[in-house]
Every structure is written in structure tokens, then in C-alpha cells.
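J.: Here is how the chains run, residue by residue.
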Amino acid sequence: MTADQKIYRFAYWLACFIIAATLLSGYHKILYPADFALAVYRFHLLPEELVNISAIYFQWLEIICGLCLLFVPKLRVAALWIALVLLLVFSGAIGINLVRGTAFSCGCFSNAPDAPPMDWMSVARNAALMALVGLALIGFKRSGETAH
Amino acid sequence: MKTILKQIGIILLISGVVSFLANSVHPRKIPWVQSWSNQVEAKAKQNGIKVIPLSVALQKFQSLEEPATFVDARSVDEFEAGHIPGALSIPFQSLEEEFPMIGSLIDSGQELIVYCQNRECDDSLLLAMELQAMGAENLVLYIDGFEVWQKYGGVVEQ
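Chains as they are written, first to last, in the numbering used here: chain A, 9 to 156; chain B, 1274 to 1431.
Since the hints were made in silico from the structure, they are not lab data. Some hints here could point you the wrong way.
[Said to hold, decoys possible] Mimicking DSSO-like on lysine-lysine, the simulated pairs with C-alpha atoms at most 30 Å apart in a straight line are: (1) B/K1275 <-> B/K1333; (2) B/K1318 <-> B/K1302; (3) B/K1424 <-> B/K1279; (4) A/K149 <-> B/K1275; (5) B/K1318 <-> B/K1333; (6) B/K1302 <-> B/K1275; (7) A/K14 <-> B/K1279; (8) A/K82 <-> A/K14; (9) B/K1323 <-> B/K1424; (10) A/K149 <-> B/K1333; (11) B/K1424 <-> A/K82; (12) B/K1275 <-> A/K14; (13) B/K1316 <-> B/K1302; (14) A/K82 <-> B/K1279.
[Unchecked claim] Every beta carbon over 10 Å from chain A, so not counted as near; a handful from chain B, in silico: (15) S1288; (16) A1295; (17) H1299; (18) G1321; (19) I1322; (20) P1326; (21) A1341; (22) E1353; (23) L1368; (24) F1372; (25) D1395; (26) A1406; (27) E1410; (28) D1417; (29) Y1425; (30) V1429.
[To be verified] Output of the computed footprint for chain A on chain B, the stretches with three or more beta carbons under 8 Å from beta carbons of chain A: (31) 1327-1340; (32) 1356-1364.
Here a beta-carbon is modelled for each residue, glycine too, at the ideal position from N, C-alpha and C.
Next comes chain B alone, as it looks inside the complex:
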């Protein structure tokens, strides 16, 4: 048993040394410590908004049983250049102009899936927080955004 414990120690030590060296020279190296609480999805979690990745967004998009409404928080120009089919454009920057549409959207009780361009943009989070404050309960944030949707072959409407 003592021999095995010693060998376990050797493996743990070798792994420590290799991981240190590898991360120091890795072309895609990451910092040893990073602030995760600044990430959009961390803020969403703090605000009680459920976050979903591309795989789940695709499932919901294809689901016929539980239709959901995608809400695009990007600018009108970005929306017109390409968006998830059937998505509604509610740019966070011009939210006030869309109040009547938002009211009926919330009243419909349908699940709302809010997104913006990518994982770093926070327009979708800000819009989701506004919708939540206006009474939307069935609401999720699609975190990977339109960029990843397009990259992984999601259907795009123009």
C-alpha cells in the first residue's frame, strides 16, 4: 500500500509539473486565475435567469411540442443581415419603441429565448432582465449567440 501511495504521489507530481510547463508554452494558454463573475452568464445566474447553450437552443428551435419564441436583442441592422428564423427583433437600445409588442409577447406565456451576437455581448442579458422586470417568467438566455448559431449550421433567415 505504501508503494502505491508513493506511486500515486509521483503521478500527481508529474501531472503538476507537466501542466505548469504545458500551460506556459501553450499557444492558447489561459491565465491561472481569471474572474468568472464578470462573464455575462455569471451575471445572468446572479439575476436568476436560466442560461442555455447552442445544443438546447437547437432542440427548442426544432421542438414542435413546446414552441418557443426567439428574441433578438441586437441592432436592427444586425438583425436584418441574418437572424434565427421566426425571431422577433427587440433591440435593447430601442426598447421603449417596442413596449406594445413586448406586452403581448409576455401575455402569450410562450417561452422566450433571448440572444445577441456572442457570449461576450450583454444586450441579451439586459433585455432579459427588462423582460423579467416586466413580468416575463418563462424566459431563458441563449448564451452562445447568433455567431455560434451560424457557425454550427443553425438555420438563418435574412
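Just chain A, with the same shape it has in the complex:
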């Protein structure tokens, strides 16, 4: 393995770790599913029949992607692509609600009523995470690792 490949592999691992830590930090959604369902409802983007199902599914999808990034090298690239799509969807949803003038929190890292309302920093944070996913995917490709 060349020095460049080592650097790319390090970048890939580091980016995967940061993205996994971010995804796993949403564990409160699993502890308090009703609060997260309320946060999903408050986006006013889904028909009411899909609010709870989406809230239940996405909280686990995030956690399982985070666990795959940390512990299942075979599924790491797939988890990165899912994380990218999730981040794109969440950013779009936050952007739409910011334009609408919502006063609510995005429910990303806390469901507490005193959590600060969503703002453009939430979108910027997601953009930075998407850049990290891109870095991880490039790092993976150039380090010579394989998805098995």
C-alpha cells in the first residue's frame, strides 16, 4: 500500500467514524418515539398516515447505518450512500420549513420542547456531513479497499 493510499484509507475511516457518531447520536428518537413522531409531523410534509411509520422506520435506519459504518466493513459503502440520501432528504425538509417560517426544532439531536428551533445552521451542518460522506467515498475508492 502506497503512502497516498494510507492517507485515503485514514480519511475514509475517520469520515465513517464521524458520520456514524452523528447518526448514533440520534438514539433519543428510539427512546422517545412519540416525541420524534411529533417532530416528523411538524414538518408538515407527509400525509398523516405516513407520519408514525416514517418516524419509526427512519430512526432505526439511522442507527443501523451508524452501526454498519462502525462494525460491518462489508456494508460500509452502502451505509454511506444511504446516509447521503438521508442527509439530502432531511436538508430539503428543513429548508422547506425554514422558508415556511417554522418555529420548531428539527428533532435531529433533541426532542425536548426547549430545543432551539431549526435554522440555516442545521442545513449547513448537513451540508458538511454530506461533504464528509463524499470524502469517505473518495477515500474508499482511492485507498484500494473493496466492498466485497
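With chain A fixed as given, assemble chain B onto it according to the hints.
T.: For chain B alone, kept in the frame of chain A given last:
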């Protein structure tokens, strides 16, 4: 690419199975489908009333630049037991007795923040709709109510 798509499918499937099982045994499990349109905040939205959570209510309470008036829609007894400092008591149940005060309140043009006990009570929504019908334009509904205000350390006056 085909391998990655297959792996994505595996993750999506595992997440589906885990979420189904987890919600079935979760001590705080939620129904798969629930009627959200019956919620007080959904009704407020349908009536064009802006809804704010605790975080924003606290900001407005502490703001010196844009003073807002909190309006307590609960009963007099509940109000006297504890309320947001400076709040005016206008119980929805005895609205007619408060008409003179409401008139001057609306004329003041100050932002009115209406609240009641918790997220489920609808006295604040009904009062907000009445105030709106009487001409109040600068009006919001603080949805989490006094219960959450107290629980999260908001200042209370008795």
C-alpha cells in the same frame, strides 16, 4: 454497483424488520397510524394561527426589544396557583366578562401569546380564535402550555 445496491437493499430490509420488532415490544410504543389532524396544533394551523414551542416562548419572555403579552386561558383557580410572570388571566370559560380588557389588549398592538395547561387542552386555541375574530392580528399560540413551562424551569409567578 450491483453489489452496493444489493447491500443497500439488505440495510433497508434489516431496518424494516428491526423497526417493526422494536416498536412491537417498546415500552413507549406508538401506533403505526395516528390521526394528527385532531391535535390542537393541527387545528391552530388550519385556522391560520401560528404555533410556537417552549424554546420560542422562553425567548419571547426574555426579549426586551419586542415585549409580548402572555395570555392565560386557564381557569382563575389554575392561574392563581401559578402562571407565567406578567401573564393576563382571560379564562376562555368566562370570556364575556373580560371584553373591556380584551379590547384594550388588542388595541395595544402588542404580540399576544396565548397558552393553557398543556399540549392537549384546547382553551388556548379557542381563546386565540376568539381574539382573532375580534381583530387581534399579532397573535401566537404557545402549544406546550404551563405544565412544560414549569417542568423546564420557566419562571413562575403566584
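J.: Should the label of B/D1395 as a non-interface residue stand, given a Cβ cut-off of 10 Å to chain A?
T.: holds, 17 Å
J.: A/K149 and B/K1333 were given as a pair; does the straight-line alpha-carbon distance stay at or below 30 Å?
T.: At roughly 50 Å apart (the allowed maximum being 30 Å), B/K1333 and A/K149 break the hint.
J.: Three residues minimum, CB to CB under 8 Å: does the segment 1356-1364 of chain B make the cut for coverage by chain A? Let me know.
T.: violated (count 0)
J.: Hey, B/K1318 versus B/K1302, does the alpha-carbon distance stay inside 30 Å?
T.: holds, 27 Å
J.: Find the nearest Cβ of chain A to the Cβ of B/E1410 and say whether that gap is larger than 10 Å.
T.: The claim stands: B/E1410 keeps its Cβ more than 10 Å from every Cβ of chain A (closest is about 16 Å).
J.: Straight-line Cα separation of B/K1424 and A/K82 no greater than 30 Å?
T.: violated, 46 Å
J.: Are all beta-carbon distances from B/A1295 to chain A longer than 10 Å?
T.: Incorrect as stated: the minimum Cβ-Cβ distance to chain A is 6 Å, not above 10 Å.
J.: Could you check that no beta carbon of chain A comes within 10 Å of the beta carbon of B/S1288?
T.: For B/S1288, whose nearest Cβ neighbour in chain A is about 4 Å away, the distance does not exceed 10 Å, so it is violated.
J.: Any Cβ of chain A at or closer than 10 Å to B/L1368, or is the non-interface label fine?
T.: With a cut-off of 10 Å, B/L1368 remains clear of chain A, as the shortest Cβ separation is near 26 Å.
J.: CA of B/K1316 to CA of B/K1302, is that 30 Å or under?
T.: holds, 25 Å
J.: What's the verdict on A/K14 and B/K1279, does the C-alpha distance respect the 30 Å limit or exceed it?
T.: holds, 28 Å
J.: Can we confirm that no CB of chain A comes within 10 Å of the CB of B/I1322?
T.: holds, 12 Å
In this structure, the hints that do not hold are numbers 1, 3, 6, 10, 11, 15, 16, 17, 20, 28, 29, 32, in rising order.
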